[in-house]
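Protein sequence lines, in the order shown, are assigned to chains D and H.
Using my numbering, count along the first sequence one by one with no gaps and you end on 230.
Using my numbering, count along the second sequence one by one with no gaps and you end on 633.
FYI, nobody ran anything at the bench for these hints, they're computed from the structure.
Check before you lean on any hint, since a few could be wrong.
To be verified - Simulated restraints, written as ranges between beta carbons of each label pair:
hint: 1; chain 1: H; residue 1: N524; chain 2: D; residue 2: L78; range: 47 to 57 Å
hint: 2; chain 1: D; residue 1: Y13; chain 2: H; residue 2: V615; range: 33 to 43 Å
hint: 3; chain 1: H; residue 1: F352; chain 2: D; residue 2: F136; range: 13 to 23 Å
hint: 4; chain 1: D; residue 1: K58; chain 2: H; residue 2: Q505; range: 34 to 44 Å
hint: 5; chain 1: H; residue 1: N360; chain 2: D; residue 2: H216; range: 27 to 37 Å
hint: 6; chain 1: H; residue 1: F531; chain 2: D; residue 2: D131; range: 32 to 42 Å
hint: 7; chain 1: H; residue 1: F352; chain 2: D; residue 2: E31; range: 47 to 57 Å
hint: 8; chain 1: H; residue 1: H628; chain 2: D; residue 2: G189; range: 49 to 59 Å
hint: 9; chain 1: D; residue 1: E115; chain 2: H; residue 2: L535; range: 17 to 27 Å
hint: 10; chain 1: H; residue 1: V615; chain 2: D; residue 2: D220; range: 32 to 42 Å
Stated by the list, open to error - Simulated pairs of lysine to aspartate or glutamate, EDC-like, Cα-Cα distance not exceeding 16 Å:
hint: 11; chain 1: H; residue 1: K345; chain 2: D; residue 2: E122
hint: 12; chain 1: D; residue 1: K184; chain 2: H; residue 2: E346
hint: 13; chain 1: H; residue 1: K445; chain 2: H; residue 2: E432
hint: 14; chain 1: D; residue 1: K96; chain 2: H; residue 2: E432
hint: 15; chain 1: D; residue 1: K134; chain 2: D; residue 2: E173
hint: 16; chain 1: H; residue 1: K345; chain 2: H; residue 2: E487
hint: 17; chain 1: D; residue 1: K14; chain 2: D; residue 2: E26
hint: 18; chain 1: D; residue 1: K132; chain 2: D; residue 2: E94
The model shown is predicted, which means the values in this text are computed figures rather than measured ones.
Heads up, the beta-carbon is just placed ideally off N, CA and C, and yes, glycines get one too.
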Amino acid sequence: MVNLQNVSKSYKNGVNALNDITIEIKDGEFVYVIGETGSGKSTFIKLLDGEEIPTKGRVEVNGVNVGKLRFSKVPLYRRNIGVVFQDYRLIESKTVFENIAFALEVINKPRREIRQRVREVLEIIDLVDKAKSFPSELSGGQQQRVTIGRAIANNPRLLIADEPTGNLDPERSNEIVELLEKINEAGTTVIMVTHDINLVNKYRKRTIKFEYGHVVSDSREGGYVAHV
Amino acid sequence: MFRLIGRHFKEAFQGIFRHFSSSLNSITAVTVTLLLVSLLTLIIGNVSQITKTLEDEVKIFVKIEDEVEDAEIPALTRKVENVEGVSMVEFSDKDSELDKFIKEYGEEGKLFEIYREDNPLSRAFIVSLREGYSISDVASRLEKVKGLTGVEFGGVSTEQFLKVLNGVRQGGYVIVLALTLVAIFLIQNTINQTIFNRRLEISIMRQVGASNSYIRQPFVIEGIFIGLMGSVAPVLATIFGYKYIYETVGGQLVSGMLTLQPVYPFAFYVSAFLVVVGIVVGLIGSFLSVNKHLRWRR
Ligand SMILES: Nc1ncnc2c1ncn2[C@@H]1O[C@H](COP(=O)(O)OP(=O)(O)O)[C@@H](O)[C@H]1O
Ligand SMILES: [Mg+2]
C-alpha cells in the first residue's frame, strides 16, 4: 500500500525534515505515527499526498510513484486518498450534508450518486441527525467527524489523519479513534499522526516513531516505547 | 455538463458580489483603460489613413540625363524599379513634360508651344514609393543611379509631417500595450482577492482531487465578466463620441485635404477591438493569478 525506500526530504531553506526513511505499510493496516513537533511527521504526510516531492528515495502509494507524478496528475491521484487535519477546514456557509457533498461535487460525481453516498457517510460518522446543521452549531468532535466523513466520501483506499485529535478532549479523542477503527475495519488503510500517548497506549496498533527526521522505532506490538 | 457550467457561473457571480467594491474598482479600471485605448485606436486609425493618403500622393520626380539614348530607357526603367523603396515607375517623355509645363501656366503657358520643336526639357521618371519608406532615403538612392539627374520631391515639409504621423502611430501602439498590461495587473488584483476569500474552498478542492481546470474556471469566468463589463461604456463612448466628432467636422480635416475614417464600419471595428481587449485582459489577468496560486508547491 505505502512503500518508502530510503526517502530523504530537505526543504529549500536547508532543513532536513526526513533522513533516509524506509517504511512499508500493508493494505488494511492501522498505523500511528508519533514524534515530537518538528520530527517530520507532517512532511511524511505531504510526501504521501503529493504535496511535496522527496529529495532522495522513492515514495510509492497504491502502486503509484508519487514523487514522479506530474503536476497535472496529482488531482486524479488524490481522489484515492483521504486526508484529515487538526483544524477541521469546514465551509461555514454550508451544512454538514453540503460540506461532505462538496468533496464529490468538485470531482464531478453525478448528483444522485452524491446524495446516496453522503447519506451512507452520515451513517458511518453517526451524524445523520446533524445533516442540516452548520459547522458552527457542532462541537469540535462532531466537526472533526464531518471532516473525516468528507475525507472518506470518495471511498479512498488510504486515509491519512494529521493530529486529528489535537484540539479535542480525551473523550472526543476516543470517539475519533474508534471512528477511524471502524473505517479501517471496512477495509481502508489508516495512518494517524498523533501526539497523544494515552491514545496510542489505549488503542494499541503498530506505532512508528519519528525523531529528528529518522525512524527511531517501529513497533508491531503497539504502545509507546520509551527510547533511551 | 450544463449543471457544471451553471455552478461555475453561480460561483463567479457570487465572487463578484461578495467583494463588490473590488470588482467595481477593476471594472472601472478596465473602463478607463479601454476609453484611453479607444481614443488612441481612433487616432491611430485616422493617422494611418491620412498617412496612406499622403504617401500615395508623394511621388519623386527624376530627370533623365540627355546623353541617355531612347533605346536605353527600358533598361534604365528596370534599374529604377529595382531601387529599394520604389513601387512604381512611370516614364514621361519630352512632349508630355512640355504639356505639363504648359498646363501649369494656364493661358500664358501656350507661349511655350514654340519649344515643341527643339524641346529643352528633360525626359523624366515619376517614381512612386513603397509604404513605409522615407522619401529622402529613396531620393538619395535614386540620385546615385547612373543616367539620372535632378531628383525632386514634395519637399521636406511633407516628409516631416509623415514622420510625425508615424511617430504618433507608433507611440499610440506602445501606450495601448502599456495600458493593457496595467489593466491585466488590476484584474489580477481583484482575482487575487477572490482567491483569498475562497482559499478554504480551494484548499479543500485540491485536497480531494478537483482538477486544476475545475478550480480555475469560476475565476476565469469572473475575469472575463469584469473585462466585458469594463468594455460597455467605452464601446458606447466610441460609437457615439466618434459619430459626434465625425459629424461636427464633416468627416474632414484641413478643409477637405485629409478625410477621416467613416463612422461605419470604423467605429464598430474599434468597438469590437475594445470588447476583445476587455475579454483577453480579463482572461489573462485571472489565468495569471489563479496559476500563481494553484502552482503545486513541489
Ligand atoms: N514548507 C516547509 N519549508 C521549510 N521547512 C519546513 C516546511 N515544512 C516543515 N518544515 C520543517 O521541517 C521540519 C519537520 O516539520 P514537520 O514535518 O512539519 O514536523 P511535524 O509535523 O512532526 O511537527 C521542521 O523543522 C519544520 O520547521
Ligand atoms: Mg505536524
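Hint-by-hint comparison with the structure:
1. At roughly 32 Å, the beta carbons of N524(H) and L78(D) sit outside the given window of 47 to 57 Å.
2. Evaluation of the 33 to 43 Å hint for Y13(D) and V615(H) yields a pass: the beta carbon distance comes to about 38 Å.
3. Distance hint for F352(H) and F136(D): a CB-CB separation of about 21 Å, consistent with the stated range 13 to 23 Å.
4. In this structure, K58(D) and Q505(H) break the distance hint of 34 to 44 Å, their C-beta atoms being roughly 55 Å apart.
5. Range check, N360(H) to H216(D): about 52 Å between beta-carbon atoms, so the 27 to 37 Å window is missed.
6. Separation of F531(H) from D131(D) is about 35 Å and conforms to the stated range, judged on CB atoms against 32 to 42 Å.
7. A beta carbon spacing of about 48 Å between F352(H) and E31(D) agrees with the range 47 to 57 Å that was offered as a hint.
8. Distance hint check for H628(H) and G189(D): the Cβ-Cβ separation is about 36 Å, which falls outside the suggested range of 49 to 59 Å.
9. Distance hint check for E115(D) and L535(H): the Cβ-Cβ separation is about 25 Å, which falls inside the suggested range of 17 to 27 Å.
10. Distance hint check for V615(H) and D220(D): the Cβ-Cβ separation is about 56 Å, which falls outside the suggested range of 32 to 42 Å.
11. Restraint check for K345(H) and E122(D): not satisfied, since their Cα atoms lie roughly 28 Å apart, outside the 16 Å limit.
12. The hinted pair formed by K184(D) and E346(H) fails the criterion: a straight-line CA distance of about 36 Å is larger than 16 Å.
13. Distance hint between K445(H) and E432(H) is fulfilled; the C-alpha atoms sit about 14 Å from each other, no more than 16 Å.
14. Proximity of K96(D) to E432(H) is assessed by CA-CA distance (about 90 Å); at most 16 Å being required, the pair is judged violated.
15. About 25 Å separates the Cα atoms of K134(D) and E173(D), which puts this hinted pair outside 16 Å; it is violated.
16. For the proposed pair K345(H) and E487(H), the alpha carbon gap of about 69 Å is over 16 Å, so the pair is violated.
17. Simply put, K14(D) and E26(D) have alpha-carbon atoms about 27 Å apart, too far for the 16 Å limit, and the pair is violated.
18. Taken as a hint, the K132(D) and E94(D) pair is honoured in the structure, with Cα atoms around 14 Å apart against an allowance of 16 Å.
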